[in-house]
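Colleague: Going down the list, the protein sequences come from chains A and B.
Per my numbering, the first sequence starts with residue 1, numbered consecutively.
Per my numbering, the second sequence starts with residue 1001, numbered consecutively.
Just so you know, these hints were derived from the structure itself, not from any lab.
One should not assume that every hint holds.
List time: in silico BS3-like cross-link candidates among lysine-lysine, alpha-carbon distance up to 27 angstroms [as the list claims (entries may be wrong)]: (1) K1336/B with K136/A; (2) K75/A with K1412/B; (3) K1382/B with K79/A.
Some chain A residues close to chain B (C-beta under 8 angstroms, calculated; not the full set) [to be verified]: (4) L42; (5) A43; (6) P45; (7) L50; (8) M51; (9) F82; (10) Y90; (11) D273; (12) R275; (13) P280; (14) L282; (15) M283.
On a predicted model such as this, the values are computed, not experimentally measured, just so you know.
Think of the CB as a built atom: it goes at the ideal place given N, C-alpha and C, for glycine as much as any other residue.
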Amino acid sequence: MNYEAVIGLEVHVQVKTRSKMFTRVAAGYGHEPNTLTDPVVLALPGTLPLMNKAALDAIIKAGLLLGCEIAPVCKWDRKNYFYPDSPKNYQISQYDQPICLCGTVEIELPGPARNVMGEHKTIPLTRIHLEEDVGKLNHGATDSLVDYNRAGTPLMEIVSEPAMHTAEEAYAYLTSLRATMIYGGISDCDMEKGQLRCDANISIRHVGETKLGVKVELKNLNSISFVRDGISHEIKRQLAVVERGGTLVQETRDYDGQTGTSQSLRSKEMAHDYRYFPDPDLMPVQVDEAWKQRLRAECPELPFDKQRRFLEQYQLPYTLTSVLVWDRTLADYFEEAAKLSGKPQAAGNWIANDLLRELGAAHHALADSKVRPAHVAALVQLVDSGAVLTNAAKEIFVEMFATGEQPDAIADRKGLKAAPTDVGELEQWCCDAIAANAKAVDEFKAGKESAINAFKGPVMKAAKGKANPKVIDETLRRLLAAQG
Amino acid sequence: MSSELFFQPIAQLAAALDAKKFSSVELTRAVIARTKAVEARVHAFNSFDEAAVLAQAAASDARRAAGQARGPLNGIPIGLKDVIAVAGQPLTASSKILANFVSPYDATVTVKLKHAGAVLWGRLNCDEFAMGSSTENSANGPTSNPWDLARVPGGSSGGSAAALAAGEASATLGSDTGGSIRQPAALCGVVGLKPTYGLVSRYGLVAFASSLDQIGPLARTVEDAAIMLGAIAGHDERDSTSFRTEIPDYRAELKTRRGPWRLGIPKEYFGEGLDPEIGAAVEQVIAFYQKQGCEIKEVSLPHTRYCLDTYYVIATAEASSNLARFDGIRYGHRSKNATDIVDLYFQSRAEGFGAEVKRRIILGTYVLSSGYYDAYYLRAQKVRTLIRQDFMNAFREVDALLTPTSPMPAFKLGEKADPLALYLCDIYTIGVNLAGLPGISVPCGFTQSGLPIGAQLIGQPFCETDLLAIAHAYEQAHGWNTKFPFL
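Bound-form chain A, shown alone:
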């Protein structure tokens, strides 16, 4: 009997704001424990939450980027449960009226080959809401310590519909969602810093069945590859249970990416009753059209839209677009270089190959690169005009990356320019080469195009390798044509 998996993801994304969700104390990562706290974060008696508008801006923007409906009113609820990482023992969240509803995430599945675009799908979202993050527990041998630095950081929960069927789709979803959040400046989505966290709801059912099977919630998928591996593992586990004739139970399982195994945390019977109710300390906030309009104006073009435009506007090969579009600053960088040089593909190649390689080797970010789009454009033009040859240009690029000098100056300084500008001398070498190889002349005239290459070697040799191949080619053709 054939089964299919049904997967829904709950993704938590920390919103990049200067201060926390409900107080002015700074949000941050990697600080001394319990230094990013104040009476509100520690839930001292008498403290009240004060909403951070920047966090609300960010989630509305996220919603607009993902095509969500934005609720006219932002309402806050309390989610009540006891745990030491939660200072108030309730979390301020949004229960029945999330700020964003519906929306979609576009994904691309792996293509048949690396250079062929894969299938695109649209994964529907259920909702996005805003809440506050909790602190972190550090368990020692005999005691546990709590660090509240993270507590109160604005956190978005993005819930997809159960609309994915493979671990690959989930992987592609997370990749696309992450890129969108980074694009919008909403979060840095660094999973190592916990800025993006993912739980997956997984069930299996017979193919053709429309009802959902028994759901297992998989927690602690702490990297994008753990998400793929964990889901893949869970689907196999569920299939194995069913194939053994066993019964699946609704439960929450903890995935260990190191060992590739999962353990049951709690069953449905032990599920929390969160006793949600509207937070009486926070007034609902009206989100009017002008507010949305202001944020809509800040929304960037999304990666897949950009890719479609790059394919059409610049006629770039798919592989090149897929390197360029996922990083917004890289894509912008490319567009500037393409505009300045007038040769999009050549500029794109320098950026995708040489620039990224050098940046990677130097562990530099693009923003720190001394090579700016104007450098790339200048280099493209030098090569295109024949002033420098490709090999020399590669050398120029490395130098340019190290010093930030203009390519023309480097070529001059290092004597890397294609040399003989003396047309008479070049023409003489060409005449000599033609005279020395009558067989090739006959072949060329008979229509064998490649026969012309037989003359180029001797000419280049005579020019000591510094002649412009394009000029050689033109001269040879002119002379051969003149021979009639």
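Assemble the complex: chain A is given as a structure, and chain B must be docked to it using the hints.
Modeller: Below, chain B without anything else, positioned relative to chain A:
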């Protein structure tokens, strides 16, 4: 008026301080001495810090000498209910769970009183977490009513009312969730004002029921209450439920607003359960206003009978969540007997909270539970809207409502052992909180046995100016606040 400094109203003290008849240090010393003389019998304070208060008094004198006095509260000793945070002072909410807690920060009202130059004096006893109507639910033991030490001062701001009545402070702050300022004010013979919800910031007030809690003054006179309100009212961005509104000069407005007013008498507030002596006293108040040319009109608040039930659903639901933070993890009482984290919660809270607080947490947890939310909490919110609507309907015809504050005068300590009997103390005050309205209790006489009686005036939202003026007109024509308990 009494010649004793500790019995004089703020307005009189401020004039004398300005005239250099005595200093704030002298006034403060008089209050401290009075406190030491009577406190063993009254027990209005959880704690006080003599050195800190004298330092503030000296500083206020220095400001006055330098011509930098900050208005009528400069140098006046003000007591704060022990649910309002003062940096560096204990903040216990009269609970064992916060027995050793010292607040590192100031409540917004504290900041405002400091700005006004007030001398902050002591931490006043109350029912634990402001839950109660007699101050008997305090982990520190009950406060006595200065008019009869065998009786309760009312609650939950019993310490605030008793301290004032006994001359242990010149004015005090209380908090009012269901009557906790007005009822003890009535039982102790002082003025108690519960402002409109949102007029005074709740930042730094230990939360009981967030949508009902409001800080307000207890004072010897309506004028003093106006001075106090002017100092603490105003929008605070730290409290998103605080309202952006112009704050008038309440004290100056007392002289400009003269009526006659249209007063509504809600018939539901004069029925069964009202002590006849109180009923008669309030009739006299009605007669006074009538004589003044006020239009007296009987009105109906038909949902009054649901007030108590509605209140005990909403208040306990919010309390169950607000009090979750007291877990022994970050501060407060932590049990030494716990074996694991869940046990730590159970033990710390079992040892730290008193019976009434536990009762309300359990009730609140229940009404919010899955499957019960719609039947209790959601329905209570709907009824709350109806209750508010009752008041708003009445205000189409009248400027304010006049009622008894409490159905009974001060009762004996230990007399009301049944929690439900105690809950009935608040039947006339709770509706005001549910509707978010301002309410003031003014002394309107004594029972034959010498216990104070209070009348309540209920105003329209943010119309404290009118409410104070109406109360002031009555107070000026009577002299109930010139009587003091013999201690």
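Colleague: With a cut-off of 8 angstroms, does the beta carbon of M283/A approach a beta carbon of chain B closely enough for the hint to hold?
Modeller: holds (5 angstroms)
Colleague: With a cut-off of 8 angstroms on the beta carbons, see whether P280/A makes it to chain B.
Modeller: holds (4 angstroms)
Colleague: Once the shortest beta carbon distance from L42/A to chain B is found, is it less than 8 angstroms?
Modeller: holds (6 angstroms)
Colleague: Holds or violated: is there a CB of chain B closer than 8 angstroms to the CB of Y90/A?
Modeller: OK, holds: Y90/A within 8 angstroms of chain B, min 5 angstroms.
Colleague: Can M51/A be said to touch chain B, with a Cβ gap under 8 angstroms?
Modeller: Since chain B brings a Cβ to about 6 angstroms from M51/A, closer than 8 angstroms, the hint holds.
Colleague: Double-check D273/A for me: the hint is only fine if its C-beta lies closer than 8 angstroms to a C-beta in chain B.
Modeller: Constraint on D273/A satisfied, holds at 5 angstroms.
Colleague: Is the shortest C-beta separation between L282/A and chain B less than 8 angstroms?
Modeller: holds (5 angstroms)
Colleague: With a cut-off of 27 angstroms on the C-alpha distance, tell me whether K1382/B and K79/A pass.
Modeller: holds (22 angstroms)
Colleague: Quick one, is the A43/A hint okay against chain B at 8 angstroms, beta carbons?
Modeller: For A43/A, the interface hint holds, since the closest Cβ of chain B sits about 4 angstroms away, which is under 8 angstroms.
Colleague: Tell me if the interface restraint on L50/A is satisfied: Cβ within less than 8 angstroms of some Cβ in chain B.
Modeller: holds (6 angstroms)
Colleague: Is K75/A close enough to K1412/B, meaning Cα to Cα at most 27 angstroms?
Modeller: Roughly 46 angstroms between the alpha carbons, so the hint for K75/A and K1412/B is violated.
Colleague: Given a cut of 8 angstroms on the nearest C-beta pair, is the interface hint for F82/A held or broken against chain B?
Modeller: holds (6 angstroms)
Hint 2 from the earlier list is the only one contradicted by this structure; the remaining hints agree with it.
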